[in-house]
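> Protein chains in written order, with the working numbering: chain V, 435 to 902; chain H, 20 to 487.
Heads up, a few of these hints could be off.
[Unchecked claim] Derived pair list, reagent style PhoX-like, types lysine-lysine, alpha-carbon separation capped at 25 Å:
1. V:Lys-574 <-> H:Lys-343
2. H:Lys-346 <-> V:Lys-574
3. V:Lys-690 <-> V:Lys-645
4. V:Lys-807 <-> V:Lys-885
5. V:Lys-817 <-> V:Lys-803
6. H:Lys-357 <-> V:Lys-707
7. V:Lys-690 <-> V:Lys-607
8. V:Lys-574 <-> H:Lys-357
9. H:Lys-343 <-> V:Lys-707
10. V:Lys-796 <-> H:Lys-343
11. V:Lys-759 <-> V:Lys-796
12. V:Lys-707 <-> H:Lys-346
13. V:Lys-490 <-> H:Lys-255
[As the list claims (entries may be wrong)] Coverage of chain V stretches by chain H, computed from C-beta distances (three or more under 8 Å per stretch; other residues unrestricted):
14. 473-484
15. 512-521
16. 848-856
[What the hints assert, rightly or not] With beta-carbon atoms standing in for the labels, derived distance ranges:
17. V:Asn-539 <-> H:Thr-111: 32 to 38 Å
18. H:Ser-309 <-> V:Val-625: 55 to 61 Å
19. H:Val-431 <-> V:Lys-665: 55 to 61 Å
20. V:Lys-707 <-> H:Glu-307: 35 to 41 Å
21. V:Asn-539 <-> H:Met-361: 48 to 54 Å
22. H:Pro-311 <-> V:Met-722: 51 to 57 Å
23. H:Lys-122 <-> V:Lys-491: 28 to 34 Å
24. H:Met-391 <-> V:Val-792: 55 to 61 Å
Note that these hints are calculated values from the structure, not bench results.
Don't be surprised by glycine CBs; every beta carbon is placed ideally from N, CA and C.
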Amino acid sequence: MNKFTTDVVIGLEIHVEMATDTKLFCGCATSGDDKPNSRTCEVCLGMPGSKPVLNKKAVEYALRLCIALGCKISPELIFSRKSYFYPDMAKNYQISQYEIPLGINGKLRLGSGKTVGITRVHMEEDPAALIHPAGIMESKYVLVDYNRSGDPLVEVVTEPDLESPEEARDFMKQLITILNYLGIFDVNRCVIKADANISIKESKYTRVEIKNITGFKEIERALKYEVERQKQEVKSIVQETRAWDSDVGITRSMRKKEVEEEYGYIIDPDLVKTEISTKWIKEVSDKMPELAQEKAIRYARDFKITEDDARVIAAERLLAELFEKVAEEVDPVLAAKWLRRELVRVLNYNNKEMKDLVIDEKHLIELLKMVEKKEITDAVAKKILEELIQKPFSPKDYVAKQGVKMIVDTKQIQRFCEEAISENPKAVEDYQTGEKKSLQFLIGQVMRKTKGQADPAMVNKLMKELID
Amino acid sequence: MKAVDFITQIRNGDIDVVEHTRKVIEQIKKINKEYHYFNAVSEKEALEQAEKVAKNPSGKLAGLPVSFKDAICVKGVETTAGSRILKGYRPTFDATVVERVKKEGGIVIGKTSQDEFGFGAFSVNMGIGYEKPLNPFDKERACGGSSGGSGGISQKADFPHISLGESTGGSIVNPASFCGVFGLCPTYGRVSRYGLLDYSNSLDKIGPMAKYADDIALMMEVIAGFDENESTCADKPVDDYTKQIDIDISGMKIGVIKEAFNGADAGVEKAVRGKIAELEGLGAEYEEISLPTAIKFGIPTYYLISTSEASTNLAKYCGMRYGKHEKLEEGFNEYFTKVRSMHLGQEAKRRIILGTFARMAGYRDAYYMKAMAVRTKIIQEYKKAFKEFDALVCPTVSMLPPKFTDIDKLSVLDHYNIDNLTVGPNLAGLPHMNVPVGFEGKLPVGMMLIANHFDENSLIRIGSDLVK
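Let's have the full structure, built from the sequences with the hints guiding it.
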């Protein structure tokens, strides 16, 4: 009997490609020339006589993750050979870890505050990529591209603590946030893949493994599908391995699993044991940045911004770093609002990401200070921000030169309001017969006339006085 | 002529290196027809190197003909480890030892014959299509193995010559003993294995075989030392091995391994004991010591570990990217099976099956893991002995070189038991050397010296003193 009680039980095995410059056991580049088999040598091709030499940087990266997940770290790094025949394997064994993984017994906190246990974190090499020229089902042959062969992977295995596809998605999301913070993962080129073990109460928790799910959005989709499938086919659920077909949105049976797979692990005798001293762990630990969850708590506490804003800003390292600089000079609540909403909106609109953003924080601070002091309206500030992400300039000079300071002169604004009223009698009538929305239309007209420079609060007040 | 004397003559311009090389190549071709010591003769490469040396004869091995066991990669020269499955494979890189020999002006004359992948003690387990090397003293008898070709040519060559053999469980000292030459198997990690086709990575060692102890010392100075491409290669300074030749052995304490004479051929025992008796006259002391663990458990421990590792190493030979190819039919599993069934020899298949079995889940703890634990016990037993003794001594092989017709009568287990004296120092990674101590009739007898880790000096000192 198992210990489970929840409706759904999910455990994940997540493979993360680490963003080192060179491969795990040779000096070949992990990125660059994508011409097939251009980034290879005798080691990652598994040529007879070649031998692996461990990339210490990759160990450091994996250590960062172990520390961030609060794992107990093994005093020695030991690699094993996992043997199986497959055309993507340069040596027909994969250098991985078996008995003694780098880290064990860690945990990760979800957005909800729930803690998920981490069983183990271990390092291994990526196999080559198989190319099916006519599609996976149709091809009579495959081509092998060894550019990926030997790339450093870290595998994170969770306890079966997740209770829903949504939680699985959040787990992946939180993990990616951590990886980004640690600087060990490059979202643009590194792949993150998951295998999931999933079972439901109705089948007495008969375990099904879903292979090959890429990305955190896919994991929710795949597991939602699988929960439904298991509920509908509850009488015929067997222990098996299934593959996720993201194009069709279904899982397909790969093999029924009666016995555990046989990999005949032995210690890899070509690699010496690497000591992981407490000194090394401390060095890595000292260099680690404050992580997103710690930042979010600190922001909400010290800057008095909402927990939601704090979490969203903290989740993106570059955004968080920018926020910390800006919040020292400008009201943090205002800064949070502008960074989280406006900056992100402008970036999305321009198809840019934080890492593409070249902005001098001095200029951003200058801009937000003018907003804070009500020297310019939000509308004008947004326009300036849109330009500011394209090229650097001083917003203060811009405002002076363009004459776009906020109009706070009552008489001037009243005049614009009266103009708007006389030009839009229908809207005034609608408003007066109870169509309250029309007020916004009239205010919009004033803002248009003033190129967004009128103090919106004052326009609102005067307009109401005039037509109520 | 000793290699050192020859090199002096080359440097002085007394010998035309190109002419000499040409003659050597002719000679080995002739010897090869009769004795089968070479799998490949690298005539073109040898002459090119000779031209280079003629211009600059400054290297430590200037102009010296050097042969390499076939398992050692030589760039552009067919390298098969004596297996048909690698027929046609020409490495794209030199093994570190080859690189070092070439750098010092040594001339690679060819690849010597061996048991397929090193799997044997007589050089009779030849790959399909390879001829057995014949004993230089009696063509009806074996050269020993697995570096049989290296042993044979080292004795037969009437030109200055050193061969590099490789030992996993005795494959240097055994053929050195049967062919009546010196053969030194260095401490594990003293000489880089980079570019050696692996048999059992935690046991494989490359070492020199030659007629004179001086030549052994000279070659060790060239090939020993750190290699950043090989993780198990020790980062320790290299001794002046050639200086040991002139240092006498007075005051040294030598242990005679008691159990090692049980079941020894009477002629072997007589010659070895006779030589041991000379130690006193040279100022050394000797007394008996018992090493029960190594002798009793050495064979099963060795065969479990070596075959476990070998079965993973040989997995890469599947007809995909190098060596033999066959018509592509059916799936990859069927294809790999076809190539391996057709082109691997019987003993290779036996060791793959044995090793795969020993590391399978369910048997792994009882065999592979147990063997690893016994190996540690054996190391401890030797380490204890070296607290008391500078070196240990015993026969290298219990028997005289046998006739092929007698070998045919041996069971597989009898065959494995031939290694009983040599597997101990190999499992413990200890340096050991065959000293040719005399003849029984027309057949050579070898004595094995074993020293503490990284104490090759003692071996050379004692060996050169005993055989002037």
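> Look at each hint and say if it fits the structure.
Do the hints match the structure? See the list:
1. V:Lys-574 <-> H:Lys-343: Satisfied, since the Cα-Cα distance of roughly 22 Å is no more than 25 Å.
2. H:Lys-346 <-> V:Lys-574: With a Cα-Cα distance of about 14 Å, the restraint between Lys-346 of chain H and Lys-574 of chain V holds, given a limit of 25 Å.
3. V:Lys-690 <-> V:Lys-645: holds, 13 Å
4. V:Lys-807 <-> V:Lys-885: Distance of about 19 Å is within 25 Å: holds.
5. V:Lys-817 <-> V:Lys-803: Holds, because 15 Å separates the two Cα atoms, which is no more than 25 Å.
6. H:Lys-357 <-> V:Lys-707: It is violated: about 37 Å lies between the C-alpha atoms, which goes past 25 Å.
7. V:Lys-690 <-> V:Lys-607: violated, 31 Å
8. V:Lys-574 <-> H:Lys-357: holds, 18 Å
9. H:Lys-343 <-> V:Lys-707: Distance ~35 Å between Lys-343 of chain H and Lys-707 of chain V Cα, so the pair is violated.
10. V:Lys-796 <-> H:Lys-343: violated, 67 Å
11. V:Lys-759 <-> V:Lys-796: holds, 9 Å
12. V:Lys-707 <-> H:Lys-346: Since the Cα atoms of Lys-707 of chain V and Lys-346 of chain H sit roughly 42 Å apart, the hinted pair is violated (cutoff 25 Å).
13. V:Lys-490 <-> H:Lys-255: Answer holds: Lys-490 of chain V to Lys-255 of chain H is near 21 Å, not above 25 Å.
14. 473-484: Coverage by chain H holds for the segment 473-484 of chain V (7 residues, Cβ < 8 Å).
15. 512-521: n = 5 at 8 Å, threshold three: holds.
16. 848-856: violated (count 0)
17. V:Asn-539 <-> H:Thr-111: 32 to 38 Å: Taking Cβ atoms as reference, Asn-539 of chain V and Thr-111 of chain H lie about 45 Å apart, which means the hint is violated.
18. H:Ser-309 <-> V:Val-625: 55 to 61 Å: holds, 59 Å
19. H:Val-431 <-> V:Lys-665: 55 to 61 Å: Hint holds: Cβ distance 57 Å, inside 55 to 61 Å.
20. V:Lys-707 <-> H:Glu-307: 35 to 41 Å: holds, 37 Å
21. V:Asn-539 <-> H:Met-361: 48 to 54 Å: With a Cβ separation near 49 Å, Asn-539 of chain V and Met-361 of chain H satisfy 48 to 54 Å, so the hint holds.
22. H:Pro-311 <-> V:Met-722: 51 to 57 Å: holds, 53 Å
23. H:Lys-122 <-> V:Lys-491: 28 to 34 Å: holds, 30 Å
24. H:Met-391 <-> V:Val-792: 55 to 61 Å: Holds - the Cβ-Cβ distance for Met-391 of chain H and Val-792 of chain V, about 57 Å, lies within 55 to 61 Å.
When held up to the earlier numbered hints, the structure conflicts with 6, 7, 9, 10, 12, 16 and 17 and fits the remainder.
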